[in-house]
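*Asks:* Sequence:
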Amino acid sequence: MSVSKWLGYDIAGSGITSIAEENGTAQESWDIEHGVSANVTLRVVPHTKRHLLARLLLEGNVAWPYPLDDDAGSGTGDPNTGLVCTSAQIVTEKSKAVNPTGDSTLELNQYADALLHLKYSPSKYEVHAGGSGSGSGFHEESYVINTYSEEFIEKIQYQRLDYKQYKWQSDNKELKENEAPPRIIPGGTFRRTFYRLPPACPLITKLTGPTADQARIGKTNSSAFTSSLAGIPFLAEELLLKPAKVTSTNDFRGQPAVNLTLDWEYKSGGWNKFFRPRQAPGATDLFDTIYRKKDSSDSPSDQVFIYRPTNMTMYLFNG
Numbered sequence: 001m002s003v004s005k006w007l008g009y010d011i012a013g014s015g016i017t018s019i020a021e022e023n024g025t026a027q028e029s030w031d032i033e034h035g036v037s038a039n040v041t042l043r044v045v046p047h048t049k050r051h052l053l054a055r056l057l058l059e060g061n062v063a064w065p066y067p068l069d070d071d072a073g074s075g076t077g078d079p080n081t082g083l084v085c086t087s088a089q090i091v092t093e094k095s096k097a098v099n100p101t102g103d104s105t106l107e108l109n110q111y112a113d114a115l116l117h118l119k120y121s122p123s124k125y126e127v128h129a130g131g132s133g134s135g136s137g138f139h140e141e142s143y144v145i146n147t148y149s150e151e152f153i154e155k156i157q158y159q160r161l162d163y164k165q166y167k168w169q170s171d172n173k174e175l176k177e178n179e180a181p182p183r184i185i186p187g188g189t190f191r192r193t194f195y196r197l198p199p200a201c202p203l204i205t206k207l208t209g210p211t212a213d214q215a216r217i218g219k220t221n222s223s224a225f226t227s228s229l230a231g232i233p234f235l236a237e238e239l240l241l242k243p244a245k246v247t248s249t250n251d252f253r254g255q256p257a258v259n260l261t262l263d264w265e266y267k268s269g270g271w272n273k274f275f276r277p278r279q280a281p282g283a284t285d286l287f288d289t290i291y292r293k294k295d296s297s298d299s300p301s302d303q304v305f306i307y308r309p310t311n312m313t314m315y316l317f318n319g
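Take the sequence shown: its position 188, counted from the start at 1, is 188 in this note's numbering, and no numbers get skipped.
No lab work stands behind these hints, which were simulated from the structure alone. Hints may be right or wrong, so weigh each one.
As the list claims (entries may be wrong) - With a straight-line Cα cutoff of 27 Å, these simulated DSS-like cross-link-like pairs (lysine-lysine) come out:
1) 245 <-> 219
2) 155 <-> 293
3) 219 <-> 242
4) 293 <-> 242
5) 293 <-> 164
6) 219 <-> 273
To be verified - FRET-style restraints, in silico, Cβ to Cβ:
7) 276 <-> 60: 27 to 33 Å
8) 248 <-> 228: 22 to 28 Å
9) 25 <-> 228: 30 to 36 Å
10) 177 <-> 232: 16 to 22 Å
11) 222 <-> 152: 19 to 25 Å
These numbers were taken from a predicted model, which means no experiment stands behind them. Even for Gly, the Cβ is constructed at its ideal location relative to N, Cα and C.
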């Protein structure tokens, strides 16, 4: 049995005679955007199996074989969390030139070995459970999230003031309806994009198809949330889920995958608080909640939720 540490299984029968690491080529590095990555050069014999090895490494999502400590960001008990083979550059070594006929103009190159320059990049970030229990709205499901990105796009929103609340200083006349100026409300879009998800991933199946979880569209996060990559904190009800963008792709094997983009519109203070002009001289404008008139006790159960809070753990992971 010849178990290769680079593939993790016996290579007997594959036609590959040997896979050896070129001395001193294994490197691990960090950058501010992607974190840890690794590179190595392998010598594969015979050279005719160079493409087979490259395909096996990439198709199998083969992990970097050298353990990473917790300082590298794994901290999950899996020493290789985050690094899989993502690219292979092939260089074929020419061992000698053969002249079988004695004709100096005819030489055949003879090859023996091939070198594979491999790159290992973060791919497996974390495994999330779908959750269970009363009111969670999710089944017991686990799924792997591949590489994802986050961004926050700042925006300025405008809301026209109630002209009945204001007057001109010069002549003390009330504003007409078309004279009311807009006020600026700072806001933005929080965007999370998931790359190369399997089509059967619950993130996809719950947003598209006959079992769609589209009831969450137009609703807000029921609990506070801090983005895992951008580190931006959001309070409950500050993020309003918009319709998803789903893009289907295929890799070099013809295997389907899906890129999923989710946008939440951000409103400071929450979507269920609305602008209320000052009610007395010297008072300040404020954002306030709305209750039904028939209730005089201001019971929270009678608050009007235009943008109803809901559990978005599946999409936000923690909010």
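*Asks:* Next, verify each hint and record whether it holds.
*Replies:* Consistency of the hints with the structure:
no., hint, in the structure
1, 245 <-> 219, "holds (17 Å)"
2, 155 <-> 293, "violated (34 Å)"
3, 219 <-> 242, "holds (8 Å)"
4, 293 <-> 242, "violated (30 Å)"
5, 293 <-> 164, "holds (22 Å)"
6, 219 <-> 273, "holds (14 Å)"
7, 276 <-> 60: 27 to 33 Å, "violated (60 Å)"
8, 248 <-> 228: 22 to 28 Å, "holds (25 Å)"
9, 25 <-> 228: 30 to 36 Å, "holds (33 Å)"
10, 177 <-> 232: 16 to 22 Å, "violated (38 Å)"
11, 222 <-> 152: 19 to 25 Å, "holds (20 Å)"
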